[in-house]
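Visitor: Single-letter residue listing:
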Amino acid sequence: MSEAIQSECGGGPSRILIYGRGFFLLLLFLVAGQLIERALSLPVPGNVLGMILMALALLCGLVRLESVKPCADLLLRHLGFFFVPAGVGLIQHLHIIAAEWVPILVGTLLSTVAVLWLGGGTTALLMRRKGRE
Amino acid sequence: MWEVLRPWCCGGAAALFTVGVWMGALRIRKARSMPLTEPVFLAVFAIIAALLLLNVDYARDYRPGGNLIKFLLQPAVVALAVRLYEKREMIRRNARAVAVGVIVGSVTGIVSATGLALLCGAPDAVALSLAPKSVTAPIAMGISGSIGGIESLTVGIVIATGIIGAMVGPELVRLIGIRNRVALGLAVGMASHGIGTARLMKDDEASGNHTASTMSGVGMTLNGLVTAILCPVIVQWLL
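Chains as they are written, first to last, in this note's numbering: chain U, 1 to 133; chain P, 1001 to 1239.
Straight-line alpha carbon distances no greater than 30 Å define the calculated DSBU-like cross-link-like pairs of lysine-lysine that follow:
| # | chain 1 | residue 1 | chain 2 | residue 2 |
| --- | --- | --- | --- | --- |
| 1 | P | K1070 | U | K69 |
| 2 | P | K1070 | P | K1202 |
| 3 | P | K1087 | P | K1202 |
| 4 | P | K1030 | P | K1202 |
| 5 | P | K1202 | U | K69 |
| 6 | P | K1070 | P | K1087 |
| 7 | P | K1087 | P | K1030 |
| 8 | U | K69 | P | K1087 |
| 9 | P | K1070 | P | K1030 |
| 10 | P | K1030 | U | K69 |
Everything labelled a hint here was simulated from the structure, so no lab data went into it.
As the structure is a computational prediction, the values presented were derived from the model and not from experiment.
Here chain P stands alone, though its shape is the one from the complex (with noise of 0.2 Å):
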């Protein structure tokens, strides 16, 4: 009877678990504002370690709830053709720099990743879960999983990569001299993704100018659209 039941009942648990932790981790990143406090970085920590504590089956007693939310990230995809369409005026203004910028950008993040991971003497499959790293995480699983890659791990690096990015990005691209605020969006939102344009938009929040968070979100969601078509070719170039 018990094993019957367990899938449900775990899968259940599993689930508002995780709703749980999420709201813990929102709480803590309101309290202390601050790249090393992004929730998706302190939620995946904090249940990692409780399961590993706990010595939970992950296979078996997490999965089947976690999957239960990942569902979700399908059509989350396909909402972000919304947020590009309400800023299709601000492309269209720059549309040839975009478009270059984001074909420039996503192949130099497909190159740059896979090659200097097999450089370092990674395994194909490592060095294919970094070849979307600075991809949005939803989408950047899917080409991970179709290209070869381990999803959770390419999850995990995307992360990091956004982490990294929301840090010292805006500062790394002023560095070199970009002080044009459509450039410097795009930049930080193709090469990580939400967590920088969070940032970004804590930045623009104080000065009053939205125009780098905007260009943000837009490389994010094309960088995540090009990655998509060009990954799959240029990888097997690489290897």
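One chain only, chain U, in its complex shape (with noise of 0.2 Å):
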């Protein structure tokens, strides 16, 4: 697929060409994750059913790193700014936040120790058991 693509941009395709090849390819799995969350009516986010279908597809050899890759790693480093304006979606939700900050405050901090305690925990046992560091 991406091998078509890559020959018709010629020998060096340009920077557009390359994102733009990208974003497409990213938008494609994005939108087959979706259509198949909603035929099989999954309660798997569409965009994490396309996040793996790009995996399998990347391990099968059907799409290759480099096609992807610049695309990715430009959405990824700014990953951050791309979920801002639903951090001031908050902004309607504040008198939640006022009314519910005991549960909210003690669910994230002990909730964040455990996860770090017992998923760490778990990995390390199990590697201390292998042999290995």
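Dock chain one against chain two, each of which comes alone in its own frame, and use the hints as you go.
Guide: Okay, here's the thing in structure tokens:
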């Protein structure tokens, strides 16, 4: 799939084409993931299904790393920026934070410690048993 | 006439304003790099303050422009597959420990966050908003929306979780005697996603060994994946 696009661009594709091709592939897999979500009415978000499909496609060599990497790196470098507007949406829920800050604080703090200790502890234990560092 | 043009003008202005604030936040991060100068936190805080001070109607005048930016989160989640693929060798080498560790971490996160919030008397929608709190924001939003949580509340909690993990995550993991860099990185990435990973990148920069931050990126992506699959099931059983 990517080879056809590659050859179309000739020997030295310009930057816009490189990013454009990557973006096109990402959108293609996103749409595929969303279609699967709808079709099978899965509770897993379509973008995560798209990510699984993309990982599989990379593993079987259906998509080459060079075709998506420049665009993927660009998007992930600015990942924080893309969810700023979603965070600003909190403006509509400030009253919930004011009313429920105790459960939110307790849940967030203790659960973060629990994930660090149980997740990290399990991994460390399994690796020690295997005798690897 | 103005009523027709308004969404376009305000949308464009809101998007440009967000870009400007983001660039300012990046500059502050560059000047003083620490968990509390996390650009996402600074930008969200500054924009909310500006909207409140200027008395802007959020839903009418900010949201359309914000949605323009928010859309790019969708392909960005697919792009995470690239990071996973690039680290496949490191994952394969520790496959069993990573797989079990991530599943334990994911279940721990969902059950403890939702359960504690419910125990403290939170209404269901708030407790559900906490369920994906350790997952990277773009995935957490999708999960929160589909299980009946409040998307933007989840984003706020996710950012707070990231800042906590970046501030004390590595210290807390070492406190229980874990010295193994693979386990440390994986734990911090699982618990505090991209913001915790950024802290480990800085630590690794100093030591020259990039194992911890690499595994942190893996932990973040895999926890997002596993939680997206497990969360709807576990939450149904908790409520």
